[in-house]
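Turn these sequences into a full structure, and let the hints guide you.
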Amino acid sequence: MGIMTTRKGPMQRFNVESTLVVPIVCLCWYSISSFGSQVTKRILTECPMPLFLGEFQFIFIGLSAFITCFVGYYVPPIRRLFPEGIFPNYSDTGTKIILRPSKDVLYTVFPLGLFQFIGKYYGHRATSLVPVSTVASVKTLSPIFIILAQKLLKRNELKLNKAIYLSLMCVMLGVWVIVYTDTKNLAPKINSAESDDNTGSSSYYGILFAILSMLIFVGQNMYAKNIFTYRTNELPTTNKYDATWQKTSPKKYDKLTLMMYISTVGFLLSIGWFVTLELPTLCSNFFNEPHDIEIPWRLIMLNGVLHFLQSMITFYLIGEISTLSYSIANIMKRIAIISFSWMYTSHHITSVQLLGMVLNVTGLFFYKRLMKFKNTE
Numbered sequence: 001m002g003i004m005t006t007r008k009g010p011m012q013r014f015n016v017e018s019t020l021v022v023p024i025v026c027l028c029w030y031s032i033s034s035f036g037s038q039v040t041k042r043i044l045t046e047c048p049m050p051l052f053l054g055e056f057q058f059i060f061i062g063l064s065a066f067i068t069c070f071v072g073y074y075v076p077p078i079r080r081l082f083p084e085g086i087f088p089n090y091s092d093t094g095t096k097i098i099l100r101p102s103k104d105v106l107y108t109v110f111p112l113g114l115f116q117f118i119g120k121y122y123g124h125r126a127t128s129l130v131p132v133s134t135v136a137s138v139k140t141l142s143p144i145f146i147i148l149a150q151k152l153l154k155r156n157e158l159k160l161n162k163a164i165y166l167s168l169m170c171v172m173l174g175v176w177v178i179v180y181t182d183t184k185n186l187a188p189k190i191n192s193a194e195s196d197d198n199t200g201s202s203s204y205y206g207i208l209f210a211i212l213s214m215l216i217f218v219g220q221n222m223y224a225k226n227i228f229t230y231r232t233n234e235l236p237t238t239n240k241y242d243a244t245w246q247k248t249s250p251k252k253y254d255k256l257t258l259m260m261y262i263s264t265v266g267f268l269l270s271i272g273w274f275v276t277l278e279l280p281t282l283c284s285n286f287f288n289e290p291h292d293i294e295i296p297w298r299l300i301m302l303n304g305v306l307h308f309l310q311s312m313i314t315f316y317l318i319g320e321i322s323t324l325s326y327s328i329a330n331i332m333k334r335i336a337i338i339s340f341s342w343m344y345t346s347h348h349i350t351s352v353q354l355l356g357m358v359l360n361v362t363g364l365f366f367y368k369r370l371m372k373f374k375n376t377e
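Each residue of the sequence shown is one higher than the one before, starting from 1 at the first, in full-length UniProt numbering.
Hints are computed from structural coordinates only; laboratory data are not their basis. Every value quoted in this text rests on a predicted model; they were computed, and no experiment measured them. Please note that the accuracy of each hint is not assured.
Claimed, not checked - Here are the in silico distance ranges between beta carbons for each label pair:
1) 298 x 23: 41 to 51 Å
2) 102 x 23: 36 to 46 Å
3) 78 x 176: 13 to 23 Å
4) 21 x 289: 48 to 58 Å
Where a beta carbon is used, it is the ideal one built from N, C-alpha and C, also for glycine.
Written out as structure tokens, the structure is:
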């Protein structure tokens, strides 16, 4: 989900970053994300049903968010561990554990649920066909498509210099090197059982699905940028409502509540496709012996836990560190996911792969720094 930074004073932010808390949280973030990606890959390899996994994630995330709000309501010290805006504002008189959604909130959140449903589906399809490192590297192309979309929609008049274009070229070249080497490493494993044509087709479809998933989440982030931006901690509505409604609205919508709404919408949007495309296969597999597909329930439960923990850590970090620091931490997370994927799949990390990663990370790092500098001019 697209999210925002809390407006904290510079001294307060410096005090937080100067402790060991943020680095430790970041290390946990990298570890959970890397391990969680491999768990997702394992699930989709054993049970190639992306809609089923997506439905479970929506249910698990929604219930976990509700339980977290419940715990935070009755155990205030836990709530205070997180920045303002994560939990509902229970200090207000009459605030319930879960804020009741209004028509305006549902209207605003509906597109986010749609983005989540489609993005998850294509992301899971990609993960089932190509290595995790390929999917993770393709996601790093998002800045390029954000710029293209902003130019096409004329939402950003910021002029880009040659240095920014050069950094984006490094990102593209790094992604190409990583994807190319991953495809070469994948071929020998599959060729022992299938033909070269099937290998190439599987890789191409996987890369295509990864690109589609990335584009969907680019659209989500652009749409959600203002919705999740922390100002008064109120949820903005669509453009037809002006700032007067914003000031007079008594409701303040936190991220956990929004997480529940988005998960609910995503679940409802995907339930029809799941019932049509995958439920008949599951029923047939359940009632017939031997089972063609074994559902790894333990891995699926673990996947849900890791998925929710990633979201909570993300909320914590974006509320405690600056935007640039979070961007750099996110780049480091990509490095961790790609590196862990290479080590987990027992591939020998070659100099070409390292070159691709260096190009990708260098391009992303300088792009973030240059855009930050450009915006402050």
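The hints, checked one at a time:
no.	hint	verdict
1	298 x 23: 41 to 51 Å	violated, 31 Å
2	102 x 23: 36 to 46 Å	holds, 40 Å
3	78 x 176: 13 to 23 Å	violated, 45 Å
4	21 x 289: 48 to 58 Å	holds, 53 Å
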